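Chemist: Sequence:
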Amino acid sequence: MRTIERMAVAMIVGSLAACGGGSAPTPAHPAPPPAELHVGDLHLHATAVNTMALPERVTKSYGIARGEQTWMLLVTVRQGEEGRDVAVPANVVATARDLGGRRIGIPMRELRLDGGLIDNVGTFSISPPDTLQFTVDVTPANGPTRTLEFTREVAK
1 MRTIERMAVA
11 MIVGSLAACG
21 GGSAPTPAHP
31 APPPAELHVG
41 DLHLHATAVN
51 TMALPERVTK
61 SYGIARGEQT
71 WMLLVTVRQG
81 EEGRDVAVPA
91 NVVATARDLG
101 GRRIGIPMRE
111 LRLDGGLIDN
121 VGTFSISPPD
131 TLQFTVDVTP
141 ANGPTRTLEF
151 TREVAK
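If you number the sequence shown the way the numbering used here does, the last residue is 156 and the count never jumps.
Because the hints were derived from the structure by calculation, they are not lab data.
Just so you know, these numbers come straight off a predicted model, no measurement behind them.
Don't be surprised by glycine CBs; every beta carbon is placed ideally from N, CA and C.
No false leads were slipped in.
Derived DEER-like restraints, expressed as beta-carbon distance ranges:
no.	residue 1	residue 2	range
1	Arg112	Ala65	19 to 27 Å
2	Ala65	Asp98	18 to 26 Å
3	Pro129	Thr95	15 to 23 Å
4	Gly143	Pro107	20 to 28 Å
5	Pro129	Gly83	31 to 39 Å
6	Arg57	Pro144	33 to 41 Å
When you get a sec, could you build the whole thing from the sequences and use the hints?
Modeler: Below, the structure is given as structure tokens:
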């Protein structure tokens, strides 16, 4: 979860820095915590965020475009004791379903980061407001597929 925590902090700090001086605005909808699934010593974390809420340097480093209707899904797979866990390569297949029942395929790709970290990132488009039900199938190397499901509100 360290990568997601760093990204959340970077998003908040970057957003505040972009606002300039004065008191920081209070977000209308605070970002929900990442969805998590723990099976034995395998830890899956997923979060979805509007790319406009991310600092430009983050989207550039992830190779994704920013846009009002562009969202990013970030999935991390770690194995081991919390705090001593290591990144695990995995095949990640993700979809979302909106309130109208439309299925949204989210093409995922692996990003290898400094320090041996591995993130799985995908982008998709959605017009707010909506509610999305995510299904993320994760197949770690030499392991069975695990499914993480979670819901997120897409506010206007």
